[in-house]
Structures are given as structure tokens and as C-alpha cells.
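Hey, can you work out the whole structure from these sequences and the hints?
These protein sequences, in sequence, are chains A and B.
373 is the number of the first residue of the first sequence in this note's numbering; add one for each residue after it.
373 is the number of the first residue of the second sequence in this note's numbering; add one for each residue after it.
What the hints contain is simulated information worked out from the structure, not anything from laboratory work.
Hints are not guaranteed to be accurate.
Copies of the same chain are indistinguishable here, so a pair counts whether it falls within one copy or spans any two.
Derived DSBU-like pairs: lysine-lysine, alpha-carbon spacing no greater than 30 Å straight-line [said to hold, decoys possible]:
id : residue 1 : residue 2
1  : Lys710    : Lys375
2  : Lys710    : Lys394
3  : Lys375    : Lys394
4  : Lys375    : Lys423
5  : Lys443    : Lys423
6  : Lys710    : Lys423
7  : Lys443    : Lys375
8  : Lys443    : Lys710
9  : Lys394    : Lys423
10 : Lys394    : Lys443
Residue strings, one per chain:
2 protein chains.
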Amino acid sequence: MRKDTLRLGVVGLGTVGTGTVKIVQNHAAMLSARTGTSIEITAVSARSRSKDRGIDISAYAWEDDPVALAKRDDVDVLVELMGGTDGPAKAATEAALSLGKSVVTANKALLAVHGQALAELAEANGAQIRFEAAVAGGIPVVKALTEGLAANAMTRVLGVMNGTCNYILTRMESAGLPYDTVFQEANDLGYLEADPNLDVGGIDAGHKLALLASIAFGTQVDFDAVALEGIGAITIEDISRAADMGYKIKLLGLAQMTDAGLQQSMRPCLVPASSPLGQLEGGTNMVVLEGDAVGQIVMRGAGAGEGPTASAVMADVCDLARGIDLPVFGQPAASLAKAAPAVSATPCPYYLRLTLRDEPGALAQVATTLGNSGISIDRMRQYDHSDADTAPVLIVTHACAPNDLDRAVSALTQIATVVGAPVALQIQNV
Amino acid sequence: MRKDTLRLGVVGLGTVGTGTVKIVQNHAAMLSARTGTSIEITAVSARSRSKDRGIDISAYAWEDDPVALAKRDDVDVLVELMGGTDGPAKAATEAALSLGKSVVTANKALLAVHGQALAELAEANGAQIRFEAAVAGGIPVVKALTEGLAANAMTRVLGVMNGTCNYILTRMESAGLPYDTVFQEANDLGYLEADPNLDVGGIDAGHKLALLASIAFGTQVDFDAVALEGIGAITIEDISRAADMGYKIKLLGLAQMTDAGLQQSMRPCLVPASSPLGQLEGGTNMVVLEGDAVGQIVMRGAGAGEGPTASAVMADVCDLARGIDLPVFGQPAASLAKAAPAVSATPCPYYLRLTLRDEPGALAQVATTLGNSGISIDRMRQYDHSDADTAPVLIVTHACAPNDLDRAVSALTQIATVVGAPVALQIQNV
Numbered sequence: 373m374r375k376d377t378l379r380l381g382v383v384g385l386g387t388v389g390t391g392t393v394k395i396v397q398n399h400a401a402m403l404s405a406r407t408g409t410s411i412e413i414t415a416v417s418a419r420s421r422s423k424d425r426g427i428d429i430s431a432y433a434w435e436d437d438p439v440a441l442a443k444r445d446d447v448d449v450l451v452e453l454m455g456g457t458d459g460p461a462k463a464a465t466e467a468a469l470s471l472g473k474s475v476v477t478a479n480k481a482l483l484a485v486h487g488q489a490l491a492e493l494a495e496a497n498g499a500q501i502r503f504e505a506a507v508a509g510g511i512p513v514v515k516a517l518t519e520g521l522a523a524n525a526m527t528r529v530l531g532v533m534n535g536t537c538n539y540i541l542t543r544m545e546s547a548g549l550p551y552d553t554v555f556q557e558a559n560d561l562g563y564l565e566a567d568p569n570l571d572v573g574g575i576d577a578g579h580k581l582a583l584l585a586s587i588a589f590g591t592q593v594d595f596d597a598v599a600l601e602g603i604g605a606i607t608i609e610d611i612s613r614a615a616d617m618g619y620k621i622k623l624l625g626l627a628q629m630t631d632a633g634l635q636q637s638m639r640p641c642l643v644p645a646s647s648p649l650g651q652l653e654g655g656t657n658m659v660v661l662e663g664d665a666v667g668q669i670v671m672r673g674a675g676a677g678e679g680p681t682a683s684a685v686m687a688d689v690c691d692l693a694r695g696i697d698l699p700v701f702g703q704p705a706a707s708l709a710k711a712a713p714a715v716s717a718t719p720c721p722y723y724l725r726l727t728l729r730d731e732p733g734a735l736a737q738v739a740t741t742l743g744n745s746g747i748s749i750d751r752m753r754q755y756d757h758s759d760a761d762t763a764p765v766l767i768v769t770h771a772c773a774p775n776d777l778d779r780a781v782s783a784l785t786q787i788a789t790v791v792g793a794p795v796a797l798q799i800q801n802v
Numbered sequence: 373m374r375k376d377t378l379r380l381g382v383v384g385l386g387t388v389g390t391g392t393v394k395i396v397q398n399h400a401a402m403l404s405a406r407t408g409t410s411i412e413i414t415a416v417s418a419r420s421r422s423k424d425r426g427i428d429i430s431a432y433a434w435e436d437d438p439v440a441l442a443k444r445d446d447v448d449v450l451v452e453l454m455g456g457t458d459g460p461a462k463a464a465t466e467a468a469l470s471l472g473k474s475v476v477t478a479n480k481a482l483l484a485v486h487g488q489a490l491a492e493l494a495e496a497n498g499a500q501i502r503f504e505a506a507v508a509g510g511i512p513v514v515k516a517l518t519e520g521l522a523a524n525a526m527t528r529v530l531g532v533m534n535g536t537c538n539y540i541l542t543r544m545e546s547a548g549l550p551y552d553t554v555f556q557e558a559n560d561l562g563y564l565e566a567d568p569n570l571d572v573g574g575i576d577a578g579h580k581l582a583l584l585a586s587i588a589f590g591t592q593v594d595f596d597a598v599a600l601e602g603i604g605a606i607t608i609e610d611i612s613r614a615a616d617m618g619y620k621i622k623l624l625g626l627a628q629m630t631d632a633g634l635q636q637s638m639r640p641c642l643v644p645a646s647s648p649l650g651q652l653e654g655g656t657n658m659v660v661l662e663g664d665a666v667g668q669i670v671m672r673g674a675g676a677g678e679g680p681t682a683s684a685v686m687a688d689v690c691d692l693a694r695g696i697d698l699p700v701f702g703q704p705a706a707s708l709a710k711a712a713p714a715v716s717a718t719p720c721p722y723y724l725r726l727t728l729r730d731e732p733g734a735l736a737q738v739a740t741t742l743g744n745s746g747i748s749i750d751r752m753r754q755y756d757h758s759d760a761d762t763a764p765v766l767i768v769t770h771a772c773a774p775n776d777l778d779r780a781v782s783a784l785t786q787i788a789t790v791v792g793a794p795v796a797l798q799i800q801n802v
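Below you can see the structure in the form of C-alpha cells.
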């Protein structure tokens with residue numbers, strides 16, 4: 373049902389909240405023309421009432437308590453921009469939904485962990501939860517997947533969904549700087565979350581992947597089943613060796629439904645340097661959606677920031693103003709399957725980097741060990757090592773089962789001429 | 373309003389129609405789970421009833437006359453996949469809309485020419501026209517623009533929206549073949565429309581651009597105002613000279629609202645080789661959407677073909693099944709402004725290729741002529757010409773007004789040492 377007026381209560385006035393207020397204030401006529409509804413903010417809540425945010429909030433009612441705001445009679449829709457898996461964000465969301473009020477949120481953590489329960493609560497009360505802003509910032513990927521590709525059985529969802537990690541990896545390559553230095557740079561630039569592990573540990577991006585996987589495959593969101601690996605162990609040597617073989621290293625999310633169950637991972641992978649993902653520089657996000665009818669759709673844009681994220685928040689608000697009514701994850705929560713996590717992952721090629729002691733037969737021993745584990749070698753390079761008694765060796769395997777590869781890596785570690793632990797990274801040919 | 377069952381009448385059973393029937397037949401359960409509605413085909417119409425299309429249409433009522441099909445009591449939604457600016461496609465569309473039945477169409481020509489009148493007819497009868505399949509095949513760009521970026525004042529829309537032209541241009545470059553040869557290849561491969569000028573003349577892509585411009589800027593669709601220029605005059609020499617300067621030549625659509633009015637063009641332009649548009653190879657489409665809040669969103673995917681286009685058709689059908697109700701061009705037809713076409717286009721840099729007779733002072737004369745026309749030179753290269761008495765000269769200008777550039781080109785043509793007409797192409801830094 374379209375209403376003449378849609379009254380928003382905004383909790384959280386950080387970057388995204390401020391951007392959202394700006395759009396409502398600056399584009400009132402445009403929003404009204406497009407939605408047929410007057411979109412207004414009636415109440416706000418944040419940690420500080422007096423902080424200068426460059427916006428005038430004096431016309432809005434103030435609430436210290438987000439839950440009280442959610443319950444206000446003059447709030448039709450809760451816009452939750454506080455963040456956090458639990459605490460006030462969850463309490464305010466539940467309060468709004470319980471009263472049949474829809475919630476627009478940028479909170480990936482909340483939905484990745486409590487998504488199923490909240491979707492059930494929403495649908496039981498005739499309310500919606502909209503979360504375009506929670507995944508890949510300004511890119512309208514939730515809408516593309518839920519609506520634009522609704523006629524596809526999705527085959528894969530992939531993406532670079534954490535701009536900070538992509539900034540770090542591409543900056544390491546372009547400036548030839550080690551991880552620690554670029555990490556510090558990113559921190560100084562304010563690119564990192566208060567808990568940096570949310571970024572570099574892949575958690576934030578893993579949250580986003582879990583949300584997209586739920587929509588793509590009609591399954592209950594299951595963040596715990598996302599295989600997570602951060603970028604902290606990526607060295608400048610791996611980046612340049614990968615480039616040498618025609619690849620880039622990205623923190624890559626991958627979700628696919630296989631005969632072995634639902635596979636979800638967020639880990640550093642190699643992708644072809646010439647692919648759209650390989651060419652993605654800096655803090656930009658990219659999501660790749662693959663469906664049985666449409667083939668491959670690639671979407672690229674700013675994954676964070678005031679304007680882009682507020683654009684996504686307000687797109688959801690416009691949908692509500694236009695009377696668009698959709699289940700939270702694209703189909704009724706009760707119909708979402710509890711997917712079994714994949715017991716074995718889909719075979720893929722691997723990048724292996726080893727350090728070999730310079731002894732006769734060392735390379736042969738490595739090749740034999742891989743062969744015995746059923747791993748077949750596509751390309752192998754031993755690099756110049758005139759200044760050392762160890763040689764860097766690079767191997768690109770043919771597609772092999774990750775379990776087999778893990779076993780092979782264990783076996784390699786037992787070889788006396790192999791120095792230290794081999795580095796093994798998946799190659800995803802997107 | 374969601375209905376329990378949505379009954380489709382499909383007119384046109386070519387590639388896209390066949391793909392649409394396949395999705396309805398193969399994905400009934402998935403579509404029902406996602407939309408809460410049973411989506412069925414009740415009637416079909418095409419030129420031949422007996423042609424083998426690899427699908428079973430025996431369960432559907434047959435109509436020889438598309439208009440009769442549109443009027444059937446058991447048809448809720450007309451799916452128009454015949455094409456054509458007028459004739460039966462228009463008649464069937466009008467018949468359906470007049471009865472308050474929504475129309476899903478892939479027909480860019482019909483909407484680019486009659487879009488405003490049809491939108492008014494639809495809205496007067498409480499019906500919708502949905503045309504995701506009409507623009508950029510499987511890429512959900514109409515949805516992204518209308519809904520996903522609804523909170524943005526759009527600044528520019530750009531794109532490569534004709535896969536055949538992009539195939540021809542990239543194939544010319546990769547194989548080093550002249551236009552005529554690759555044109556013939558494309559024709560033999562069945563890539564070209566029956567009237568090839570629709571493709572290589574930029575008309576088909578111009579139709580698509582006009583539709584996106586209407587949504588982006590809230591204006592009445594105005595195909596006649598699109599400045600059209602095809603790719604027929606592009607030579608292999610221009611492609612390689614452009615590459616030499618770091619550019620690719622693309623048939624590029626550009627729509628932007630300026631102080632001088634609405635600017636719409638579909639013409640061969642140079643784009644940076646390293647940009648997403650520059651990297652686009654083969655028959656793939658790419659649309660770039662720029663908004664004041666979101667910045668730049670890039671979408672890439674198959675622009676044609678059975679699966680991708682049927683995916684877009686069925687996405688619109690799913691929207692209707694889900695009860696989503698939107699004005700045809702994103703806001704009520706009556707509120708769409710009649711935009712004045714731009715009297716002068718926005719300044720941009722230009723690529724100029726001249727052939728100069730090898731005489732003292734020839735180059736200086738060119739530079740002077742440009743300077744006198746207010747055109748400032750960014751880069752200039754004179755190429756080796758030991759085997760000829762003429763020299764190829766390449767110039768990249770700083771941004772200049774297209775009118776000034778046109779005047780400068782006229783002046784250059786008057787110079788005795790300039791052989792033939794200079795080639796002038798816009799450079800768009802996307």
C-alpha cells in the first residue's frame with residue numbers, strides 16, 4: 373500500500389546516517405515525484421545530539437533510546453544505521469518489526485547472524501526488512517539478485533565486497549609495499565573498522581556473502597558456514613609471483629550450491645588479471661552474479677562511503693514508499709531451506725609457492741609428491757636464486773579437490789628440502 | 373495486488389519468446405516460491421504455428437492475431453516479443469493496455485518512438501509497461517536505474533548497448549581486419565539485424581539510450597533528439613592509432629542533462645583503454661550510471677541472446693506477479709518533462725586524424741588553424757611516412773566545445789596540404 377506520507381525514524385547519525393538525512397532534505401521534490409509519496413524524517417537518535425554533522429536536525433524529534441524511537445507513533449519505518457550484531461540495533465529492529473513497521477538497515481552483521489529469526493518476525497507482523505545498503509554499498513546488488521534475476525536458478529555468486537582489503541592488496545602491488553606498511557596506511561586514512569579484523573579477517577565481507585547466498589539459493593542465512601580466511605598472510609612476493617603468472621590476488625567471496633551442499637567462502641584467491649575482478653583497483657567493490665538463463669552479470673561501484681551507502685538506504689525507502697512488498701530474502705522466510713554446508717568444495721586450480729633447498733632432486737621430489745596426491749601440474753617455474761641457497765618455486769595446478777590439495781600440502785611439508793610451509797591459494801577463473 | 377495465478381499471453385516465438393517459454397516451463401516451482409504466484413502461459417501467437425522451436429506449445433491456446441490474443445479473457449499480461457515500431461506489436465500493446473492489462477516487452481523501437489503515448493495509455497487504464505528486456509538484454513539496468521538508484525539525481529548515463537557493434541570493433545582490432553570484412557563475418561554469424569543499419573547505424577542502441585534517458589532525467593522519451601552516428605566510417609587505422617594513444621573506439625551512448633538542455637548521443641567515441649568500457653570485448657554490453665549520491669555504477673553482461681533476454685522478460689513478469697506497481701518511466705507519464713534537446717553539447721577532448729602532404733610548414737599551418745578556432749592541442753604525433761608523400765598526423769585536443777571543433781575541422785579542410793577530410797571522434801573519459 374502506497375501512503376501519502378512515509379515517516380522515517382533514523383537511528384545512527386554517522387557517515388551513512390548523515391548522508392541519508394542529506395538526501396531526504398535535498399531531494400524532497402524528486403523523491404516525491406518518483407514515489408508518489410512525501411518522504412519525511414520525523415525522529416532521530418544517535419550517540420551525541422550536539423555533534424556537528426553539517427546537517428540541521430533541529431526539526432526532528434530526538435530520542436536517546438533507539439527502541440523508544442522505533443516505537444514512536446510518528447515513525448512508519450525504522451532506518452537502522454547504528455551497526456552491531458546485538459545490542460540496541462537488534463532491540464530497535466525487533467521493536468519496530470513487532471509493531472509491523474518495516475526496517476531499512478545497513479547492518480550486515482545483524483542480518484548475517486540473526487537474519488532468519490528477524491525475517492520470520494518481520495513476516496509474522498506484515499513488515500519488511502530491506503538491506504540494500506548492507507551489501508556492497510551503493511551497488512544495487514540485492515535488488516538485482518532478488519528481483520532483476522528472479523527468473524534464474526543462480527549458479528554462483530562471487531565478489532570483492534570489502535573495499536579496504538582491495539585497497540590494501542592493490543596498493544601493495546602498485547607501491548611494492550609489504551602488508552604491514554599498507555595496513556598502517558589504511559588505518560591512518562581511517563579506512564579500517566574499529567576492530568580491523570572485521571575487514572582484513574574477511575568477516576565483514578563474509579557477512580555480505582552470507583546474505584547474498586541466502587537470496588541466491590533460497591536458503592537460511594548461515595554466516596557460520598562461511599569458510600573465512602583473511603588477507604593478513606598475503607605477502608608482496610605472492611602478489612608479484614601471481615602477477616607474473618597472469619593473476620591478481622583478491623579477497624574473493626564465493627557461494628555456490630553443489631551436490632555436496634552449499635559452499636560459501638571468503639578467502640584470498642587468484643583471479644585472471646584480465647578479468648573484470650582482476651582489473652578492480654582500490655576501494656571499489658564488484659559482485660558477479662551467475663544464473664542459468666542470464667549467464668554472468670557483473671556490477672561495480674563504491675562499496676562504502678556517505679553518498680553511495682545512503683543511496684542504497686534511500687532506494688529501499690523509495691521501494692517502501694512505492695508500496696513494493698517483498699519477503700526479506702526474496703521468498704517467505706518459512707520456505708527458506710536449511711542448507712547443509714558443503715562437505716567438500718568444488719575442484720579448482722591452485723597456486724602453490726614453495727621454498728626449496730638447492731639440492732639435486734628437490735624439484736623432482738615435489739613433483740612426485742604432488743603426483744602421488746593426485747595433483748596434476750599445469751605450470752611450474754623455478755626462479756633465479758643466485759644469491760641464496762634456497763629457490764622459490766611456483767606451481768599452478770590443474771583443477772583438484774581442495775581436500776586433495778590440503779593433503780598434498782601436508783605431504784610437501786614433510787619433505788626435507790621444502791623450507792617452511794608452502795603457500796596455497798585457490799585460483800578462480802571468473 | 374498479488375494474484376494467485378498470473379496468466380501470460382506471449383506474442384512472438386522467436387529466440388526470446390522461446391527462451392521465455394522455457395523458463396516458465398522449467399522453473400515453475402522456483403518462480404512460484406519467489407513470487408507467491410503461479411505463473412502460467414495460456415496463449416501464444418507467432419508467424420508459424422508448426423515451426424519446431426524445441427518447446428512444446430500444445431498446451432497453450434493459439435491465436436493467429438496478436439490483438440485477439442491480447443484481448444483474451446484468460447490473458448492477464450501480454451508478453452510482446454515480436455518487435456517493430458508499429459504494426460501488430462503496437463496494436464496488441466494498445467489492445468492490452470486499453471483493457472487494463474500490463475505489457476512486458478523487449479521492443480525498444482516501439483517504446484523509443486511511442487513510449488510517451490503508450491505510458492499515458494497504460495497509466496490511464498491502471499496498467500504497466502515493463503521493458504527490462506528492451507535495454508541491454510540480461511543486465512537489470514532498467515530496474516537499477518528506476519529503483520536501485522531512485523534516490524539519486526542522475527548526472528550521466530553512458531554505455532555500450534549494441535553487442536554486434538562492439539563485436540565488430542573489437543574483432544577489427546584483434547584480427548587486424550577492415551570493417552567490411554568483419555561486417556560480412558558478423559552477417560554470416562547471424563549477428564546482424566535484417567536491416568543491418570539498425571545495428572551499425574546506431575539506431576538500435578539509440579533506442580535503448582533514449583529509454584534510459586527518460587528514466588534518468590524524468591523526461592519524455594525523445595529518440596528523435598538522439599544524435600546518431602554509426603560505426604561504418606571507422607577504419608582499422610583509427611582503431612590502431614587510438615590504441616597507440618591509450619584509447620579504444622566504442623559505439624558509445626551518452627545522455628546527460630546540461631544547462632543547454634538534454635544531450636543524447638550514440639556515436640563512435642574513444643574511451644581510455646584501461647577503463648571498464650575500454651576493456652569490454654566482443655558482444656557484451658556495459659552500462660554506466662552516474663548519480664549525485666552513488667557516484668558511478670557499472671553493469672556488464674550479455675546484451676542479447678535467448679537466455680539473457682528471457683531472463684529480463686521474466687524478471688518483469690515476476691515483478692508483476694509480486695504485485696509491484698511502477699510508472700512506466702519511473703514517475704507518472706504526465707509528470708515527465710518535455711526536455712529541450714541540448715543546443716550545444718558539453719565540451720570534451722577530441723581525437724583528430726589528418727593526412728598531410730609532406731610540405732614545409734604543413735604541420736604548423738594545422739596547429740595555427742586549430743589555435744585560431746580556440747582548439748588547444750594536448751598531444752600531437754606525426755607518424756613515419758618514408759614510403760609516401762603524405763604523413764598521417766594524430767592530434768588529441770584538450771576539451772573543447774563540439775561546435776568549435778566542427779568549425780575547426782571545416783577550416784582544416786580548406787588547407788591545401790590537408791588531404792581528404794579529417795577524422796574527428798569524441799573522447800569520453802569514463
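We went through each hint and held it up to the structure:
1. Lys710 / Lys375: Close across copies (28 Å), not inside one copy (36 Å); limit 30 Å.
2. Lys710 / Lys394: Between copies only: 28 Å across, 40 Å inside.
3. Lys375 / Lys394: within (22 Å within a copy, 38 Å between copies)
4. Lys375 / Lys423: Neither way: Lys375 and Lys423 sit 33 Å apart in one copy and 49 Å across, limit 30 Å.
5. Lys443 / Lys423: within (24 Å within a copy, 62 Å between copies)
6. Lys710 / Lys423: Answer is neither: 44 Å inside a copy and 44 Å across each miss the 30 Å cutoff.
7. Lys443 / Lys375: within (19 Å within a copy, 33 Å between copies)
8. Lys443 / Lys710: neither (32 Å within a copy, 44 Å between copies)
9. Lys394 / Lys423: Answer is within: at 16 Å inside a copy they meet the 30 Å cutoff, but 58 Å across does not.
10. Lys394 / Lys443: Only inside one copy: Lys394 and Lys443 sit 24 Å apart there, 48 Å across copies, limit 30 Å.
Violated hints, in rising order: 4, 6, 8; the structure is consistent with all others.
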